[in-house]
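Q: Here are the chains, one letter per residue:
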Amino acid sequence: MVAKPDNIPIVAMLFLLLFFTWLSIHKAVINDKLIDAGQDVENKKEAKELVYTWPDLVFSEFICTIGVWCLLLAWAIVLKAPLEEPANPVDTPNPSKAPWYFLGLQEMLVYYDPWLAGVVFPTLIIVGLILIPYIDTNPKGNGYYTFKERPFAITTFLFGFLILWNLLIVYGTFLRGPNWNFFGPYEVWDIHKLEVLRNVNLSEYIFREFGLNGGKLPDNPLLRESLGILLTIAYMVGVPILLARKWMKKTYEELGAARFYIMAVLLISMAALPLKMVLRWTINLKYIVAIPEAFFNI
Amino acid sequence: MPAPKFPEAPETVSRRTFVSWIAVGWVGFVSALGLGLTAVGRLFFPNVTFEPPQRFKAGFPTEYDVDKVDEHLKKAYGVWMVRNERGIYALSTVCTHLGCTPNWLEGEQKFKCPCHGSGFYKTGINFEGPAPRPLERFKIGLSEDGQIFVDKNKKYQQEKGEWDDPDSFLELA
Amino acid sequence: MAKAGFLESLRKSQAWKSIFRHGPPNNSRNKVLAVLMNVFLHLHPIRMKKSGIRMSFTWCMGGITFFLFLVETVTGVLLMFYYRPTAEFAYSDIIALREHVPIGIMREVHRWGAHLMVISVWLHMFRVFLTGSYKPPREFNWGIGVVLLTLTLLLSFTGYLLPWDQLAIWAITVGSNMARATPFLGSEGPGASLLNMIMGFDVVHSGSDAFCVAGGPRGGRGDSAPLLRFALYIYPASAALLMAVHLASTYDGGISGPFVRLR
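Chains as they are written, first to last, in our numbering: chain A, 23 to 320; chain B, 144 to 316; chain C, 155 to 417.
No wet-lab data here; the hints were simulated from the structure. One thing to keep in mind: the hints can contain errors.
[To be verified] Label pairs and their in silico Cβ distance ranges:
1) A:210 x B:252: 37 to 43 Å
2) B:252 x A:91: 52 to 58 Å
3) B:182 x C:249: 36 to 42 Å
[Stated by the list, open to error] Calculated cross-link-like contacts (lysine-lysine; reagent style DSSO-like; alpha-carbon spacing at most 27 Å):
4) A:170 x A:70
5) B:218 x A:215
6) A:66 x C:204
7) C:171 x A:49
8) A:66 x A:170
9) A:55 x A:66
10) B:148 x B:218
11) B:253 x A:215
12) C:204 x A:170
13) A:162 x C:204
14) A:238 x B:265
15) A:215 x B:211
16) B:218 x B:253
17) C:204 x A:70
18) A:215 x B:265
19) B:282 x A:215
20) B:282 x B:265
The beta carbon of each residue, even a glycine, is placed where N, CA and C say it ideally should be.
Turn these sequences into a full structure, and let the hints guide you.
A: In structure tokens form, the structure reads like this:
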């Protein structure tokens, strides 16, 4: 299952990522040293030297094209394109996995409800990416590899792209087996593996476990979920304000209110995924706010 | 020799006329665009879609064993028939999370979905994984010839308190 | 000697001159003309920064992505000779393609090329971010790039629906159920009853999205045609259009680095 042809791209991607991350850090370190030595990397003479597109660029494009075409042909000859059983609307394969590039999203659906994991978060990813150039007003590091001149931008992006996106894909591809249970790297995919995953909502924790209201859940959903709603508001509104006033005061002054708060909301939305994952693994928390009557679960 | 007739002074367009024509132009443009887009959008939402019959016979009550989940209608109609001591109910085989078909695991006495790992008790109540609400039940009853009928047009949701409805459960003495 | 003479006279022939309307690109003027007068090459600027086109700098990922898009388009069109996009025929057409066509690697090239394109797009974005190449004056082009990346993933998604196998039907089932959870618009999303009160019906509900997205995978009719049109015509067309804009945008300031007057 793990060694099926459809998984080759993600293995390749893994090695490519390692290589290119190394390469870019390597180049960034060289440039950072030059900058420390007082050189203007951005405006040095070599950086502005012009060459003709023909032949300099066109030829290297040509070589690349031939290389990729050979690779693709070899790949196509060695491995047949997979084809599963004909579509059957009442029999779901077990496990049922999306292609590797969507497995991060599929894993996200385990922790968040579809309206968040399937709609809001993907939208935020796209919108957030588009907004990056308008949020990042740091004029340095334009057109060359560097780390020292933009440590925050690079760290955030590497965390999002390498950990949240690609590591989650690896997790979904190799560590999720039948019934979407967790399986270790060398564990056999046993369909009958018994895993107790009894999930508990925050409101159930408060009223059942701590015995508030005599151990009974209140009938009014707003009252029942009041703590969860308060926590969510505190996280979405309070944390950005705290960031602006306390922890990232300097950034706030540089960016101005609008830019800063957009960035802060995007950042804490990004952080919401690992947070909920940890809560699920440690205390089996299902929903912070659970109002299934209105399809509103967080 | 008659004096040459000079052309009359060109008709001036007043500010008011100009503005109103511009307005007419814009209204026309926007409504044409809106109509076009509506037509494109509506193309994807036909009034009728074709679905198989939703009401079917499910055999006699004696065919079902107490405390067993019967799967023989799963493939054809998408229901599990579950018999308990008091009677029978028809559970939908569609996961309330994202619509995959869970599997009944006899050893663990639970329905388990292969897509995102949601788990349901035999009653249909969700207890693990991401499913936000219990499996749905369908309308069930006895027809005149003594056979059970299931009607998928009418569904009953636990979180709305609909499982108390007598039509959602076939009481057997 | 005779051969050189032949080449010489060929170069001077009317036919040759009508095709290649400038001399060999061995001087500045002809190098400029080589790019300028070729409809494909002229998506490039005429001159570029040497530091910006070095392979160790660009990883060539953007170029590879563009090439793979062309490969997907060509192999996709060729595959359509054998493929009918309906639930009735789709699967058997793929089987037939596999069994009746000698040297049958067209579907393989198409499939693996699509995977490769996803990888190259991601790495291209990775590189552009790490070199800060989204910074002014290229902010808008980065945005177009993000849209193109999304389109690549949508194309891949619709692409693997085409064979109408188990992967396809469950992918579209999960996909259309997610659409139903859209806040306000979907029948099972938060705020659904709000819009329902105003409009009197759910905009995206099980009946409509099943048709809209897949033609009702649960309904038994299982006609996968409607969404497949997106895969076959609409997504590729919009991707091609945006790609032209994306590439032509390098006119102002090259592909990376500080702005330098290029023309």
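Q: Taking each numbered hint in turn, which are not upheld by the structure, reported in ascending numerical order?
A: 1, 7, 10 and 19
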